[in-house]
Structures are given as structure tokens and as C-alpha cells.
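Peer 1: In case you want the letters, here they are:
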Amino acid sequence: NAGVTQTPKFQVLKTGQSMTLQCAQDMNHEYMSWYRQDPGMGLRLIHYSVGAGITDQGEVPNGYNVSRSTTEDFPLRLLSAAPSQTSVYFCASSYGVTYNEQFFGPGTRLTVL
Amino acid sequence: QQPVQSPQAVILREGEDAVINCSSSKALYSVHWYRQKHGEAPVFLMILLKGGEQKGHDKISASFNEKKQQSSLYLTASQLSYSGTYFCGTFNSGNTPLVFGKGTRLSVIA
Chain P
50 NAGVTQTPKF
60 QVLKTGQSMT
70 LQCAQDMNHE
80 YMSWYRQDPG
90 MGLRLIHYSV
100 GAGITDQGEV
110 PNGYNVSRST
120 TEDFPLRLLS
130 AAPSQTSVYF
140 CASSYGVTYN
150 EQFFGPGTRL
160 TVL
Chain G
199 QQPVQSPQAV
209 ILREGEDAVI
219 NCSSSKALYS
229 VHWYRQKHGE
239 APVFLMILLK
249 GGEQKGHDKI
259 SASFNEKKQQ
269 SSLYLTASQL
279 SYSGTYFCGT
289 FNSGNTPLVF
299 GKGTRLSVIA
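Those protein sequences? They're chains P and G, same order as listed. Everything in the first sequence is counted per this note's numbering, starting at 50 for the first residue and increasing by one. Everything in the second sequence is counted per this note's numbering, starting at 199 for the first residue and increasing by one.
Bound-form chain P, shown alone (with noise of 0.2 Å):
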């Protein structure tokens, strides 16, 4: 199993550009989330999903979107990048919330100039 996977590992946009951060797990996890990273702020809740075709906003919607298509893969969509959204972006996956560990992706290291 390749567990979670992540591309890019690393990205570089210019303000105003779009772009779509891929995750996908091959372990049939229903859960799936992404978080943002910042220094000092812990991992802060983006968007997440509790199966295919089911999506909810968490702590730090604003200028993302996501959808869930099948069980595989949970893209994370940056609409008009700014520099505010550079940052390290986790994806993560879980069978269930309450009594199963998340198992992280490696991470997408983003900078918006």
C-alpha cells in the first residue's frame, strides 16, 4: 500500500493563479481531510469529507474548495491564490473520526509570491 500520497511536494504561484493540490489514499478510508500548517498555529482544519460525494467546511474555508468524487482522492482547489495561503498543506485519512488514527500525507510545501 502506498498509503497517502501528495502531489506537488512543493509548488510556487504567483498571486491571482489557481491550482489543485491531488491526495489520494488507497487504503478505502472513508474520512478525509486537509489541514494547513503554519508556524504557531498548529494544523488548523481546511475541508473534510466523511465519504464520496460528501464535503464540509472545517476551521479555514475561505478561499478553497474541494470535492470527493470517489473514496480514492480528495483534491483540495485553490481558487485565486494569495500570499496569505502560503503555507504546508496535509492531506489525511481515516476509516472513521472517533476511534481510528489518521494517517498523514508527506505534505505540500506552498508558496504564493
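Derived by calculation from the structure, the hints in this document are not laboratory data. Hints are supplied without guarantee of correctness; some may be wrong.
[Stated by the list, open to error] Using 25 Å as the maximum straight-line C-alpha spacing, the simulated DSS-like pairs for lysine-lysine come out as follows:
#: 1; chain 1: G; residue 1: Lys266; chain 2: G; residue 2: Lys248
#: 2; chain 1: P; residue 1: Lys58; chain 2: G; residue 2: Lys235
#: 3; chain 1: G; residue 1: Lys300; chain 2: P; residue 2: Lys58
#: 4; chain 1: G; residue 1: Lys224; chain 2: G; residue 2: Lys300
#: 5; chain 1: G; residue 1: Lys265; chain 2: G; residue 2: Lys224
#: 6; chain 1: G; residue 1: Lys257; chain 2: G; residue 2: Lys300
The hints should help you fit chain G onto chain P, whose structure is shown.
Peer 2: Using the frame of chain P, we list chain G on its own:
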């Protein structure tokens, strides 16, 4: 709503003990603990469930006080490999996602 962790940072010598606390303003269903090494992804340590059940690590223990809405992570006889940032994540109800605290940076020195 983010749980609150304390302390923010701690420095230990090898062999010393540490306690990291996590508290929530809402009732807790479960508390998750993760450790992150610099430049890496967070890695699962343990889950504490309402009712006292625990799942996770052999060498690290934790407690879960449901009434106080708190959890504590106990690191005993610390090793250099324990260094990293520790995050607690809380799950408040069936309709809310897992939310993490800001982390506690632990440095173990020789």
C-alpha cells in the same frame, strides 16, 4: 474549536519525564495524540476514548478526564528520539471533525 495545549514548549534532559496537557471547552468523545518531527508529517501515537479505552503506543501513556474535558500525555524516561512537536486532536461529537491544538514543542538533549 481548537483545544488548548500546555506547555507551548519544554526542554528535557535524557531520562527526565514530561507531561503535556490538552483541554477543550466542549465535551469530548475522543482525544488523539500525534508527534511530528521537523520537516515530516504527523504520526499517530494514541487515541483515548470516552469510557477509558485506549489505543496506541507501548512506551507513552495518557489519561482522559471526561468531566474536566482534559487529556494528558505522559512521557517517561525521555529519549532523544522523543523530540518533536506533539499535537492533541479532539473529537467533540458525531457531527464534528477532528480539530488539533497548536502543539507542544519537546526538545530532549543529551
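Peer 1: Each hint: holds or not?
Peer 2: A quick look at each hint next to the structure:
1. G/Lys266 / G/Lys248: At roughly 12 Å apart (the allowed maximum being 25 Å), G/Lys248 and G/Lys266 satisfy the hint.
2. P/Lys58 / G/Lys235: Judged against 25 Å, a Cα distance of about 17 Å means the pair holds.
3. G/Lys300 / P/Lys58: holds, 23 Å
4. G/Lys224 / G/Lys300: OK: G/Lys224 and G/Lys300 at ~17 Å, within 25 Å.
5. G/Lys265 / G/Lys224: holds, 10 Å
6. G/Lys257 / G/Lys300: holds, 23 Å
Every hint from the earlier list agrees with this structure, and none is contradicted.
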